[in-house]
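**Student:** Please arrange chain B on chain A, whose structure you already have, making use of the hints.
Listed below, chain by chain, are the residues.
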Amino acid sequence: MEKFEKLTGIAAPMPLVNIDTDMIIPKQFLKTIKRSGLGVNLFDEMRYDDAGNEIPDFVLNKPQYRDAEILVAGDNFGCGSSREHAPWALKDFGIRSVISTSFADIFYNNCFKNGILPIVLPKEAVEVLMKDAEKGSNARMTVDLENQTVTSSDGESFSFELDSFKKHCLMNGLDDIGLTMEKASAIDSFEAQASQARPWV
Amino acid sequence: MSPKTLYDKIWDAHVAHESDDGTCLLYIDRHLVHEVTSPQAFEGLRMAGRSVRAPDKTIAVPDHNVPTTPGREDPKNMTEDSAIQVAALDKNAKDFGIHYYPVSDVRQGIVHIVGPEQGWTLPGMTVVCGDSHTATHGAFGALAHGIGTSEVEHVLATQTLIQKKSKNMKVEITGKLRPGVTAKDITLSVIGKTGTAGGTGYVIEYCGEAIRDLSMEGRMTVCNMAIEGGARAGLIAPDEKTFEYVKGRPHAPKGAQWEAALTWWKTLFSDEDAHWDKVITIKGEDIAPVVTWGTSPEDVLPITAEVPAPESFEGGKVGAAKRSIEYMGLTPGQKLSDIEIDTVFIGSCTNGRIEDLRAAAEILKGKKIAVKRAMVVPGSGLVRAQAEEEGLADIFKEAGFEWRLAGCSMCLAMNPDQLAPGERCAATSNRNFEGRQGRGGRTHLMSPAMAAAAAITGKLTDVREMM
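Note that the protein sequences, when read in sequence, are chains A and B.
For what it's worth, the working numbering labels the leading residue of the first sequence as 1, then goes sequentially.
For what it's worth, the working numbering labels the leading residue of the second sequence as 1001, then goes sequentially.
Incorrect hints may appear among the rest.
Chain A is faced by these chain B residues, among others (derived, beta-carbon under 7 Å) [to be verified]:
no.: 1; residue: S1002
no.: 2; residue: P1003
no.: 3; residue: T1023
no.: 4; residue: V1036
no.: 5; residue: P1039
no.: 6; residue: Q1040
no.: 7; residue: L1412
List time: in silico SDA-like cross-link candidates among lysine to any residue, alpha-carbon distance up to 25 Å [claimed, not checked]:
no.: 8; chain 1: A; residue 1: K166; chain 2: B; residue 2: K1164
no.: 9; chain 1: A; residue 1: K123; chain 2: B; residue 2: E1314
no.: 10; chain 1: A; residue 1: K34; chain 2: B; residue 2: P1102
no.: 11; chain 1: A; residue 1: K3; chain 2: B; residue 2: G1049
no.: 12; chain 1: A; residue 1: K166; chain 2: B; residue 2: K1459
no.: 13; chain 1: A; residue 1: K34; chain 2: B; residue 2: R1046
no.: 14; chain 1: B; residue 1: K1165; chain 2: A; residue 2: L174
no.: 15; chain 1: A; residue 1: K131; chain 2: A; residue 2: V59
no.: 16; chain 1: B; residue 1: K1091; chain 2: A; residue 2: G37
no.: 17; chain 1: B; residue 1: K1322; chain 2: A; residue 2: P15
no.: 18; chain 1: B; residue 1: K1193; chain 2: A; residue 2: L174
no.: 19; chain 1: B; residue 1: K1165; chain 2: A; residue 2: Q148
no.: 20; chain 1: A; residue 1: K34; chain 2: B; residue 2: E1314
no.: 21; chain 1: A; residue 1: K91; chain 2: B; residue 2: P1421
no.: 22; chain 1: A; residue 1: K31; chain 2: B; residue 2: R1439
no.: 23; chain 1: B; residue 1: K1459; chain 2: B; residue 2: K1165
no.: 24; chain 1: A; residue 1: K167; chain 2: B; residue 2: K1167
no.: 25; chain 1: B; residue 1: K1266; chain 2: A; residue 2: A194
no.: 26; chain 1: B; residue 1: K1167; chain 2: A; residue 2: E161
no.: 27; chain 1: B; residue 1: K1165; chain 2: A; residue 2: G115
no.: 28; chain 1: A; residue 1: K31; chain 2: B; residue 2: P1421
no.: 29; chain 1: A; residue 1: K183; chain 2: B; residue 2: R1053
no.: 30; chain 1: B; residue 1: K1004; chain 2: A; residue 2: V201
no.: 31; chain 1: A; residue 1: K6; chain 2: A; residue 2: N172
no.: 32; chain 1: B; residue 1: K1266; chain 2: A; residue 2: V201
no.: 33; chain 1: B; residue 1: K1094; chain 2: A; residue 2: R35
no.: 34; chain 1: B; residue 1: K1241; chain 2: B; residue 2: G1180
no.: 35; chain 1: B; residue 1: K1254; chain 2: A; residue 2: K166
no.: 36; chain 1: B; residue 1: K1164; chain 2: A; residue 2: K34
no.: 37; chain 1: B; residue 1: K1164; chain 2: A; residue 2: K31
no.: 38; chain 1: B; residue 1: K1165; chain 2: A; residue 2: H168
no.: 39; chain 1: B; residue 1: K1094; chain 2: A; residue 2: K131
Since the hints were made in silico from the structure, they are not lab data.
Remember, it's a predicted structure, so these values are computed and weren't measured experimentally.
All C-beta atoms, glycine included, are put in the ideal place defined by N, C-alpha and C.
In isolation and in its complexed conformation, chain A is listed as follows:
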């Protein structure tokens, strides 16, 4: 997995609340057996009209946001299905961090498996960053994972909380499965004990 340390980039504002995974990547693109190539269909039904032409008003179609690497979004981003295609599509487009007041649980976890940093901040902080993102491509935000801060283009800085294990894995680009396999003996002994206690399982 790609490491995440520090990122300075364009942030796109998406103030809509409850942006769900069907919006992020509609189901017709889930019929793939690969993880790559979904960026072109990110936010497909908001981004393209019925004929497949770009809708100019959609934020990521605007010239100043085409190279966005950060999203500042309304409450409860990523609600809905468990599809990891949502972070795959964000990543493939080039988004490395999403900032909101809250995220749906499964989406939040999925981000960390793909080198994307979801950041939870209080409402007031998200409002400041949303306004900053609305300034366009000259306003570059900085996300610093090590110090757990987001800094607006004006230099206003906000600290965010993050689980230490998730931070460690993301900063070092670690593969979860490899880490868990190092604990195979603990799993072996749990399995042996559980098969005695609950043999019907």
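**Tutor:** Then chain B, alone, in the frame of chain A:
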């Protein structure tokens, strides 16, 4: 010993390893797999030269994008990309030696209906699947939740999941339900009250007389939509109804093992003084038959209400409501019971079980539909067979419904069952998101009885007027 919630008890029984920072490896008893979220996980295993650690605890069934029309055993009758995903699941099940129900098997169906039906889901278990509606299995007092594809690969390889414990929320539904009010109305009303993020960070335990009174099918409907309220999982403590449902199922324990299991299962309840981080109480008698008006499952109102004005909300919800009402083609102040519909969809992991079909058939008996299209998609081949035996299929067909084969179908419209742009649907499924049932399609969520009533009148209808 300090008092524990049901969630605490199941959690404690499954921690295989705990790190100093509280990160745990949670052992997984059952891993359910379907064709859409698993191919990349199996590919990951192959690339790393890894095997499935516990194939006996891993069960696969294609459901999301299989057609629900006859002849689907032949891949030529599927779209090419769907056929590739189903073929990949066939191959992965064979190569890795996991349990499998192909489309040709009468036991095939929606993964969350097949699991309980076959006795794979048992009280006190941990159950995961690459699908958010895994919460369904919580109805048995099993800790069950959806995971992403990377986590699917993690569970396949290690039979564990890296987890931190969630907080405990109690949702109590007191007293009795009024006539015409069902499990679906309970679960939608709870989301209407808490919002789609109200459960974020929590595992919910549903309790109270109205929950205890529900059948196992009804309890599955309630837990199924815990995810729509943002919760990691929904739980209901097992009781005699649970044990009765489980007993004799193909993969349920038998003989001495049954007795041993029963002894443990009977300890699975929240202790009286257990700590709750959040408590919600709703009176059963206050719940009405409800429908959704917008594009979020929290947009819930009694059928007797009107489309709300966006200004009646606060904060970011004002803009979201405005967008929803426009997308749904509605007008603030319009009576919900005046909304005309084109399509009725009865099915899904929320409401595709036998009791759901009985409730809809009860309303439809001897009536004809007044909509362009209506379909029933049973949740499994066995539900379908039972409905045929009970004469329900004939009632549906005589009313003008299409009688389909089992699958997820129009709940998420990955197969050919889709809404056209602007088409409006009364659906028994779980999500009314923009485009969920087809680009531009408009979804109103409701119970099977309410969907049946809507099919007869051609508009959203208070089922109590037909009882």
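**Student:** For each hint, tell me whether it holds in the structure or not.
**Tutor:** Hints and how they fare:
The restraint placing S1002 of chain B at the interface with chain A is violated, with a minimum CB-CB distance near 21 Å, outside the 7 Å limit. Taking 7 Å as the C-beta contact cut-off toward chain A, the hint placing P1003 of chain B at the interface is violated, the least distance being around 22 Å. For the restraint placing T1023 of chain B at the interface with chain A, the shortest Cβ-Cβ distance is roughly 4 Å, inside the 7 Å limit, so the hint holds. Because the smallest distance between the Cβ of V1036 of chain B and any Cβ of chain A comes to about 5 Å, under 7 Å, the interface hint for this residue holds.
Given hint, P1039 of chain B at the interface with chain A, holds; its Cβ is 4 Å from that chain's nearest Cβ, closer than 7 Å. For Q1040 of chain B, the interface hint holds, the least distance from its beta-carbon to any beta-carbon of chain A being 5 Å, beneath 7 Å. About 5 Å separates the beta-carbon of L1412 of chain B from the nearest beta-carbon of chain A, less than 7 Å, and the hint is met. About 11 Å separates the Cα atoms of K166 of chain A and K1164 of chain B, which keeps this hinted pair within 25 Å; it holds.
Straight-line distance between C-alpha atoms of K123 of chain A and E1314 of chain B comes to about 14 Å, which keeps the hinted pair within the 25 Å bound. Distance hint between K34 of chain A and P1102 of chain B is fulfilled; the C-alpha atoms sit about 22 Å from each other, no more than 25 Å. Of the pairs offered as hints, the one joining K3 of chain A and G1049 of chain B holds, with about 23 Å between alpha carbons and a cut-off of 25 Å not exceeded. Taking the CA atoms of K166 of chain A and K1459 of chain B, the gap is about 49 Å. The hint is violated against a cut of 25 Å.
Proximity of K34 of chain A to R1046 of chain B is assessed by CA-CA distance (about 14 Å); at most 25 Å being required, the pair is judged to hold. Restraint check: the Cα-Cα separation between K1165 of chain B and L174 of chain A comes to about 22 Å, which is no more than 25 Å; the hinted pair holds. For the hint pairing K131 of chain A with V59 of chain A, the CA-to-CA distance comes to about 14 Å; that is within 25 Å, so the pair holds. Only pairs whose Cα atoms come within 25 Å are accepted, and K1091 of chain B paired with G37 of chain A is accepted, the gap being roughly 24 Å.
Taking the CA atoms of K1322 of chain B and P15 of chain A, the gap is near 13 Å; set against the 25 Å cutoff, the hint holds. As the CA atoms of K1193 of chain B and L174 of chain A are separated by approximately 40 Å, the hinted pair breaks the 25 Å bound. The straight-line distance between the Cα atoms of K1165 of chain B and Q148 of chain A is roughly 23 Å, inside the 25 Å bound, and the hint therefore holds. Our distance criterion of 25 Å between C-alpha atoms is broken by K34 of chain A and E1314 of chain B, whose separation comes to about 41 Å.
For the suggested pair K91 of chain A and P1421 of chain B, the alpha carbons sit about 29 Å apart, so the restraint of at most 25 Å is broken. Between K31 of chain A and R1439 of chain B the CA atoms are separated by roughly 16 Å; this keeps the pair inside 25 Å, and the hint holds. At roughly 45 Å between alpha-carbon atoms, K1459 of chain B and K1165 of chain B are farther apart than 25 Å, so this suggested pair is violated. Between K167 of chain A and K1167 of chain B, the direct Cα distance comes to roughly 21 Å. Compliance with the 25 Å bound is thereby established for this hinted pair.
For the hint pairing K1266 of chain B with A194 of chain A, the CA-to-CA distance comes to about 18 Å; that is within 25 Å, so the pair holds. A threshold of 25 Å between alpha carbons decides the hint, and for K1167 of chain B with E161 of chain A the separation of about 17 Å falls inside it, so the pair holds. At most 25 Å may separate the alpha-carbon atoms for a hinted pair to count; K1165 of chain B and G115 of chain A meet this at roughly 23 Å. Under the criterion of a C-alpha separation no larger than 25 Å, the hint pairing K31 of chain A with P1421 of chain B is consistent with the structure, at around 21 Å.
Using a Cα cut-off of 25 Å, the hinted pair K183 of chain A and R1053 of chain B holds, with the two alpha carbons roughly 14 Å apart. With a CA separation close to 23 Å, the supplied pair K1004 of chain B and V201 of chain A stays within the 25 Å bound. Distance hint between K6 of chain A and N172 of chain A is fulfilled; the C-alpha atoms sit about 12 Å from each other, no more than 25 Å. Note on K1266 of chain B and V201 of chain A: the hinted pairing holds, with a Cα-Cα distance of about 16 Å set against a maximum of 25 Å.
For the hint pairing K1094 of chain B with R35 of chain A, the CA-to-CA distance comes to about 23 Å; that is within 25 Å, so the pair holds. The straight-line distance between the Cα atoms of K1241 of chain B and G1180 of chain B is roughly 22 Å, inside the 25 Å bound, and the hint therefore holds. Annotation: proposed proximity of K1254 of chain B to K166 of chain A is violated, straight-line Cα distance about 42 Å (limit 25 Å). For the hint linking K1164 of chain B to K34 of chain A, the alpha-carbon distance of about 29 Å lies beyond 25 Å, and the restraint is violated.
For the suggested pair K1164 of chain B and K31 of chain A, the alpha carbons sit about 31 Å apart, so the restraint of at most 25 Å is broken. Among the hinted pairs, K1165 of chain B with H168 of chain A is consistent with the structure: their alpha-carbon atoms are about 19 Å apart, no more than 25 Å. A C-alpha spacing of about 54 Å is found between K1094 of chain B and K131 of chain A, which places the hinted pair above 25 Å, so the restraint is violated.
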